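Q: Listed in order, the protein sequences are those of chains A and B.
Just add 1 to the spot in the first sequence (first one is 1) and you have my numbering.
Just add 1148 to the spot in the second sequence (first one is 1) and you have my numbering.
Bear in mind the hints are in silico, worked out from the structure with no lab data behind them.
All figures in this text were calculated on a predicted structure; none of them were measured in a lab.
Think of the CB as a built atom: it goes at the ideal place given N, C-alpha and C, for glycine as much as any other residue.
Incorrect hints may appear among the rest.
What the hints assert, rightly or not - Pairs of lysine-lysine, PhoX-like flavour, derived with a Cα cap of 25 Å:
no.	chain 1	residue 1	chain 2	residue 2
1	A	Lys238	B	Lys1182
2	A	Lys216	B	Lys1205
3	B	Lys1182	B	Lys1211
Said to hold, decoys possible - Derived contacts from chain B toward chain A, CB cut-off under 10 Å, selection only:
no.	residue
4	Val1178
5	Glu1204
6	Arg1227
7	Asn1228
8	Leu1232
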Amino acid sequence: MEEIFFKGLGGKNKSTASEHAYAPKEGRHLDADGIFGVELAGHKSSLERLDAEFGANIDYAKGGMDTGSQRDAISRVAEKIASSESGSFVGEKALSSAVELINLVKASLSLGEDVEPHEVAGLMARLEAVSRNFEGGKKETQDMAKKEFIDAAALLAEIESCAEFADYQKNDPAAPFDFENAGEKYPHLDVIRARTKVGLRRIAETNRDFVPDGKSFDEFLECLQGIAGLRRSGEDKILRRDSLILKKMRHKPAIFKKLAGRVLVAQSGSE
Amino acid sequence: MPQNNSNSLGEFVKDLIRSRGLDNLDYEIVVQLKADLRDRVESRVNAAILANLPPEKVEYFEKLLDQSSTEEVQSFCQRNIYGLDEIIANELAKFRATYLNV
Chain A
2 MEEIFFKGLG GKNKSTASEH AYAPKEGRHL DADGIFGVEL AGHKSSLERL
52 DAEFGANIDY AKGGMDTGSQ RDAISRVAEK IASSESGSFV GEKALSSAVE
102 LINLVKASLS LGEDVEPHEV AGLMARLEAV SRNFEGGKKE TQDMAKKEFI
152 DAAALLAEIE SCAEFADYQK NDPAAPFDFE NAGEKYPHLD VIRARTKVGL
202 RRIAETNRDF VPDGKSFDEF LECLQGIAGL RRSGEDKILR RDSLILKKMR
252 HKPAIFKKLA GRVLVAQSGS E
Chain B
1149 MPQNNSNSLG EFVKDLIRSR GLDNLDYEIV VQLKADLRDR VESRVNAAIL
1199 ANLPPEKVEY FEKLLDQSST EEVQSFCQRN IYGLDEIIAN ELAKFRATYL
1249 NV
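Use the sequences and the hints to build the structure in full.
A: Structure (structure tokens):
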């Protein structure tokens, strides 16, 4: 099963986008600003090629899943990704090929299609267990198998995505995601996250083939986080719109720096 | 001499880590903690800005983010969000309180 991860383009079940249920809707390509993050604006043939490969690789990925429900889950997530406006939930620079996308979806799905609020504490416990591997340099860089690495990265991305949504939903009194309360049980969650991130980054630096296409670990994590966010947002149009805007704001950090920095400077001046 | 904005944010994050007694961890972990915290502060403040924009201005705001300079977006926020500085200050204070559990 591991072999399916990060196989090159061109899955065994070649089909065209038009034959496939997960081809992007008319007029909505997986475009240059979209989930593949490649410079393809104006290159229609390349887009068509990617669209076709996207559909083909979904078939390929489904072939590697063990159960019907896993295959259905792949289908649903792929449909969400194909229909997401400008790939709003996946980092523009993080993806370069269809097969990579599907492999990441698979890694992300290994955590379950939708993480319910009551399951967050369980994820944190699992992440804490992973982070123990990195305490005091216990885990040597060669020790981790690729599958273990991907699963750990997917788990970390899920928690990062939970934190991101919790930050967004702090402004919504009806927020369903009880991340802060779960955090009370794990007061050092930030340390656990940081330690795991540093440990996995070191492993990725030593094992270049663990992360596809020569990408950095941080790009890889951003991509997994994007997929987790896409799954979480579901069909909620406001949430999807806001997530897209917040993503655009993050890409202009100077706005935050100026606005928040100004307030902090004023505060320090008045102390 | 006026303080630099980024330095202020850096100090804000550094202070949080110091107050939690985490500044003695491995250097790499502390660097990562600072980066993560900064991201979360940014997410919280950005979410507060978005939540306080008049609903009818949200679509235009999104366009501005695509097409306009930082100064134009900043100015738009200041013109359209009543009490923006207080909102941001409040969000930073809430973040601090949650993080330090005070």
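Q: Does each hint fit the structure? Answer for all of them.
A: Status of the hints after comparison with the structure:
1. A:Lys238 <-> B:Lys1182: Status violated; Cα separation ~33 Å.
2. A:Lys216 <-> B:Lys1205: violated, 37 Å
3. B:Lys1182 <-> B:Lys1211: violated, 31 Å
4. Val1178: holds, 8 Å
5. Glu1204: violated, 14 Å
6. Arg1227: Status violated, d = 13 Å.
7. Asn1228: Since chain A brings no Cβ nearer than about 13 Å to Asn1228 (chain B), farther than 10 Å, the hint is violated.
8. Leu1232: Leu1232 (chain B) check passes; min Cβ-Cβ to chain A is 7 Å, inside 10 Å.
Of the numbered hints stated above, those contradicted by the structure are hints 1, 2, 3, 5, 6 and 7, listed in ascending order.
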